[in-house]
Amino acid sequence: MPSRDKIFSRIRHNLGRGPLAEEAVNALKARIEGHVPHTIPKRTDIAHKEQVDLFQAKAEALAATVARISSLDDVPEALRDYLTAHNLATRIKMSPDPALDNLPFNMTPMLEINRGAAAPEDEVSLTPAFAGIAETGTLCMASSAETPSTLNFLPENHVVVIKASQISGSLEDSWARLRQKYGAGNLPRTVNFISGPSRTADIEQTLIMGAHGPRRLHILIVDDGPQD
Amino acid sequence: MQVTSRRFKEGAHDALHDENIQKAFSKVKSGFPVARAKTASELPEFEDLRDQARDLKDHILGNLDYYLEYFEDQVLLQGGRVHWCSSYAEAREVILEICRDADAKTVTKGKSMITEEMGLNDYLQEKGVEPIETDLGEYIIQLAHEYPSHIVAPALHKTKDQVTELFHESHEKYGFKERLTDPQALVNEARSILRDKFVAADVGITGANFLIAETGSTVIVTNEGNGDLTQSLPKTHIAVSSIEKVVPTLEDVSLFLRLLARSATGQEMSVYTTFSTGPKRMEDIDGPTNFHVVLVDSGRSDLLGSDKQDLLRCLKCGACMNHCPVYQAVGGHSYGWVYPGPIGAALNPHMVGLEEARHLPNASSFCGRCEEVCPVRIPLPKIMRHWREQAFETQVTPKPERWGIGIWAFFAKRPKLYRLMTRISARSLKLMAGKKGVVRKLPLMKGWSSVRDFPAPEGTTFMDQWKKQQREGK
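Which chain is which? The protein sequence lines are A and B, in order. Residue numbers for the first sequence, in this note's numbering: 1 to 228. Residue numbers for the second sequence, in this note's numbering: 229 to 702.
Bear in mind the hints are in silico, worked out from the structure with no lab data behind them. Misleading hints may appear alongside valid ones.
27 Å max Cα-Cα, derived DSS-like pairs, lysine-lysine [as the list claims (entries may be wrong)]:
(1) Lys6/A x Lys544/B
(2) Lys696/B x Lys42/A
(3) Lys696/B x Lys663/B
(4) Lys333/B x Lys266/B
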């Protein structure tokens, strides 16, 4: 008997039944398609403006840094200021996302912008986020041709641009956004939830930042008014 | 993996006298449990979530066949492949074949307990494929040719000084000659060596914390980012998972995610929670071209419908061991197989056989901390008690122990005789103890008295004292 059959027959035998009856199958299918949430923490049930503040506070508590800017046009200068403050390379690998096409990098001639997936020599990446989760200060990143996921991990410094309107309360809100974009039952190849920069405590339980992923995570929140 | 659970007593004895192990494990108490208590207290819904998680796991296990089939359909639909493996041997062969198809010379690996179970690294090495562990803790113990002593922090038993020496010996060939003592410098050195390995690897192997039926995704939860580099840079990604990890929907996994990191390390969320669905899409400019999911049963399905089914609820958070006084004292390796601590004491007898692991369910004072902190409320002490009963009933327990229990049972069933005997023992033990108040040696109980003193009884039994108090109207 092939292993697949063996496994299923053992499961059913030990559960004391055969394959599920049609009625039961329909109920389980409906359960999957129903997307019914479990208890969602009350802390997320606040006004949008407070959610954005909570997102920032939680992200900072995770050792990410956050700057608030008033429009996408401010991204180049905010990025330059950040890199200068930390004495970092000015060669940037940016997601080839059309949403970032019109950033006025003519304002910051010292920044060298390249676009594409991450290469081992890239030290700084600039990417958009798919969504933000106030509950835990978590970024949700969805991979695509425009947003390669290696940019989230390979460079030592990761700068993320997120609009305030992309931030909402709970993890469940991200599922709603993803389903809206990709259709129920579908996800892009990689969905990364990122809560602060990389760390490890594998040597004597001492917390050390920058294990394999980025040492620094900097989040630029663009205050674009109320939630879309 | 080779099983040494039979040697539990010797292993525990050695661990108790090993300065490094004692130093390393003495830190557990003030680390994970304190952090867990803090984040749990900051989430008012925490206890409700635990109830819901327990019930959801039970629902999943009762319909495991349905959710696994649904998951399989979704993986195929997304362009991935699913391999069903009944045994470890089969899983190893399947993984090797995928590596060979990819002409793999080196394979990077994210932390995965199931691949530890099946001894994958030794097998691949033997067959000419070099596995490289990339989680820092796993990397350390791979260099040391050891196995994990904790399911979340695999190198917990290593002191910093040991890591210093290990890196100094192992990294010279990469041109790192300095003996580093600063933890940050040690991490940096490992980071820079592993960076090249990530880029050069032909295949990346990860485990899976969850499998999502709704979308056919595999999920990994990490802090370092090594799992993500492992699965996004090579052409082929293999996710290896045991079958009970399937979860119906994204809403369902949200429930478990709220409990997992809090219970494990006291984080609200681990740094990286990654959902991988199928291979890279046609237009994507990074990500793996091939996506394989290897599903391993190897004993799981046999737990279904048994009095130990609750073990399959385990999220592998490690909270039970973090809070276990026995684990903190004897360390992880004493348990002699992949899973140490209370979950190991309850699970290993099933996985490696009761005869091999019969000491483990006894390695507990039944203080109940493990069950108190388990996010899915596995009744670990109850399951250990079942194993003890089973060991007695199936005569796995050695004869002297069985006789001892038999003698005790004889008296316990005859209350008058029992009281008489306890009265005699209480008096004679008090006499034996003399003025010191402790008994140093007990006849026929050397195993017990060789490492601890027996506090002398009062001289009269509890029952007699109680009667006396009642008479005197106290």
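For this session: Starting from lysine 333/B, check that the Cα of lysine 266/B is at most 27 Å away, please.
Result: Answer violated: lysine 333/B to lysine 266/B is near 45 Å, above 27 Å.
Exercise. Do the alpha carbons of lysine 696/B and lysine 663/B lie within 27 Å of each other, as the hint requires?
Worked result: 25 Å, holds
Exercise. Taking only the CA atoms, is the gap from lysine 6/A to lysine 544/B under or equal to 27 Å?
Worked result: 26 Å, holds
Exercise. Has the given pair, lysine 696/B with lysine 42/A, been kept, meaning a C-alpha gap of at most 27 Å?
Worked result: 57 Å, violated
In this structure, the hints that do not hold are numbers 2 and 4, in rising order.
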